[in-house]
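**Student:** Chain by chain, the residues run as shown.
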Amino acid sequence: MEGLIEIRWHGRGGQGAKTASLLLADAAFNTGKYIQGFPEYGPERMGAPITAYNRISDKPITIHSNIYEPDYVVVVDDTLLQAVDVTAGLKETGAIVINTTKSPEVLKEELKGYNGDIYTIDARKISIEALGRYFPNTPMLAAIVKVAGVMSDEDLLEDMKGSFKHKFAKKPEVIEGNMKALELALKEVKKI
Amino acid sequence: MSIRERLSGNEAVATAMKQINPDVVAAFPITPSTEIPQYFSTFVANGAVDTEFVAVESEHSAMSACIGAQAAGSRAMTATSANGLSLMWEMIYIASSLRLPMVMNLVNRAVSGPLNIHNDHSDAMGVRDAGWIMLFSENNQEAYDNNLMAHRIAEHKDVMLPVMICQDGFITSHSIENIELEEDEIVKEFVGEYHPEHYLLNKKEPIAIGPLDLQSYLFEHKAQQGEAMKNAKKVIAEVAEDFEKMTGRKYSFFEEYKLDDAEIAIVCMNSTAGTTKFVVDELRAKGVKAGLLKIRMFRPFPTEEIAKALSHLKAVAVLDKSDSLNGAGGALFEDVVSSMYVAGNNVPMVNYIYGIGGRDTKSDDIESVYNDLSQIAQTGKVDNPYRYLGLRKGDAK
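Protein sequences appear in the order of chains A and B. When we follow this note's numbering, the leftmost residue of the first sequence carries the number 1, and every step to the right adds one. When we follow this note's numbering, the leftmost residue of the second sequence carries the number 193, and every step to the right adds one.
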């Protein structure tokens, strides 16, 4: 379908991949798009591999299956590279965004011949610097928005300020740190 | 003006319930419908509604409390899934036979066992003969809209039957999607106030509800239920017409998607219809005359209308998301086949059991059905009418 972007998230239970997919849906919705954001529900254990999905489109979306040929893949935890076939069905015209400090050579080896674009970001470093704790989902959200060109940096920051106010209504002290995490991530996501 | 929003299917239902502001909601949590009473209870706590929320100790009690509330003369709602509905079983029949026009949201999930929390339609198919009006919803929008229409259908004096609104567990109940909401005041006016004709708390008219009903009367009472179900068709159409005037969104007994000039078609319900539309569009672009008939009103079953809508086709596939385990096809297939036979329409038909226990239904799966239909349309022959879709080969024996 023309004008449709499909994104698949790989994370581990507790890292916020589901929340990030819902925030991405929110942000894209606010730019006037049609959106879907849904996790694949399984046994919800801390640390277990989880998958979440986004569809973003200019036209109404009727398809209601999981995503098998994504335009983009986000990997929130690089230990999944050995455990899950993260590039399965991934279009080579698209890209994969990985939270990692591994070298380009190691990543290319681990992605077993994937020929599309590979982007990396050290979400741990950003999260520790901005929030003092490890929450990779906020930096990864900014990274995929940038890579997939969902919206401009300014629009994302403006929009997320509103979302965080709502999401963190009971702990407003973390809003500033999350905003900083977004800003850093927008700068630091790099193509290898 | 409609309000542009994004909500999950469960949020959409809870929002509709907030706007309806029923007198009583009694519910017990069960995946994947838990969020409906969860969100609704926050509306109660925040004072957004003045509903009496009854946190019961089981689904049997939830349905019983709704029966009591509705019989007393108030408007009651509940929500459940799968085994929750199983535990309501005896009260489900009592609600409909006492002609209590309550509204229940059923977020479809596989009935155990073995234990599975994911989507299929085995819960809904289990109560298809229980005397409830059953409306199915492709997405969050339709679940919301069906809720806004449900009370007016249920409470109409020619109907007086409970309404069950189905949507697919997780697939739509937990997916955030765009939705158009109506303003509170407009919904309130559309739904209207409930003024029951006969009710227990009317001190001017002491009545008994649900006493002994033996050989001399039960048959007549059942026939009246059947008559009410027939009357419901007219009312469902009228309410949909008013709803369209208010929102611009059109609802019929079923949706015909590119069916007029189609040669082959799929009949299905709920979220799979959306995936099928996607495939129909792709096939149409390749010149394949594919169509879809998506059933919204499953009870009463629009038998004559369906037979007419499918009469011109060369081959039809009916998709059942529940296996009747009778060696002779699923419940929807039986209903569609019998509609066609009674109307004297001889179109080759084939049944697929699919999506059991949350098995994902891909666009490729749907496309394979249309490929099968193209072959059937060419030869006019159906080798095996009872098939599976998406079953792993070799594992079924």
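No wet-lab data here; the hints were simulated from the structure. Beta carbons: idealized from backbone N, C-alpha and C, even for Gly. Heads up, a few of these hints could be off.
To be verified - Over the 12 Å line for every Cβ pair with chain A, so calculated as not near, a few chain B residues:
1. HIS252
2. ALA400
3. LYS437
4. ALA465
5. PHE470
6. SER503
Said to hold, decoys possible - Simulated coverage check for chain B against chain A, where a stretch passes if three residues somewhere in it have a Cβ under 8 Å from a Cβ of chain A:
7. 291 to 300
8. 352 to 364
What the hints assert, rightly or not - A few chain A residues that don't get close to chain B, going by computed Cβ distances all over 10 Å:
9. LEU22
10. GLY37
11. PRO39
12. PRO60
13. GLN82
14. VAL84
15. LEU107
16. LYS112
**Student:** Does LEU107 of chain A sit more than 10 Å from chain B, CB to CB?
**Tutor:** 29 Å, holds
**Student:** Is the claim that PHE470 of chain B lies outside the interface with chain A correct, judged by CB distances over 12 Å?
**Tutor:** 4 Å, violated
**Student:** For LYS437 of chain B, is the shortest beta carbon distance to chain A beyond 12 Å?
**Tutor:** 22 Å, holds
**Student:** Over 10 Å from every CB of chain B: does GLY37 of chain A meet that, or does the non-interface label fail?
**Tutor:** Non-interface label on GLY37 of chain A violated, nearest chain B Cβ at 4 Å vs cutoff 10 Å.
**Student:** Please confirm whether LYS112 of chain A is truly not at the interface, meaning its C-beta sits more than 10 Å away from all C-beta atoms of chain B.
**Tutor:** 23 Å, holds
**Student:** In terms of Cβ atoms, is chain A entirely out of 12 Å range of ALA400 of chain B?
**Tutor:** Per Cβ check, ALA400 of chain B is outside 12 Å of chain A; nearest 46 Å; holds.
**Student:** Please verify that the nearest CB of chain A lies beyond 12 Å from ALA465 of chain B's CB.
**Tutor:** At about 8 Å from chain A, ALA465 of chain B fails to clear the 12 Å cut-off, so the statement is violated.
**Student:** Just double-check HIS252 of chain B for me: nearest Cβ-Cβ distance to chain A has to come out over 12 Å.
**Tutor:** 27 Å, holds
**Student:** Hey, is VAL84 of chain A genuinely clear of chain B, shortest beta carbon separation above 10 Å?
**Tutor:** 17 Å, holds
**Student:** In terms of beta carbon proximity below 8 Å, does the segment 291 to 300 of chain B have 3 or more residues touching chain A?
**Tutor:** violated (count 0)
**Student:** With a C-beta cutoff of 8 Å, work out whether three or more residues of the segment 352 to 364 of chain B approach chain A closely enough for the coverage to hold.
**Tutor:** holds (count 4)
**Student:** Beyond 10 Å from chain B, beta-carbon-wise, is LEU22 of chain A?
**Tutor:** LEU22 of chain A not clear of chain B: closest Cβ-Cβ about 6 Å, inside 10 Å.
Consistency note: the structure conflicts with the earlier hints numbered 4, 5, 7, 9, 10, 11 and 12.
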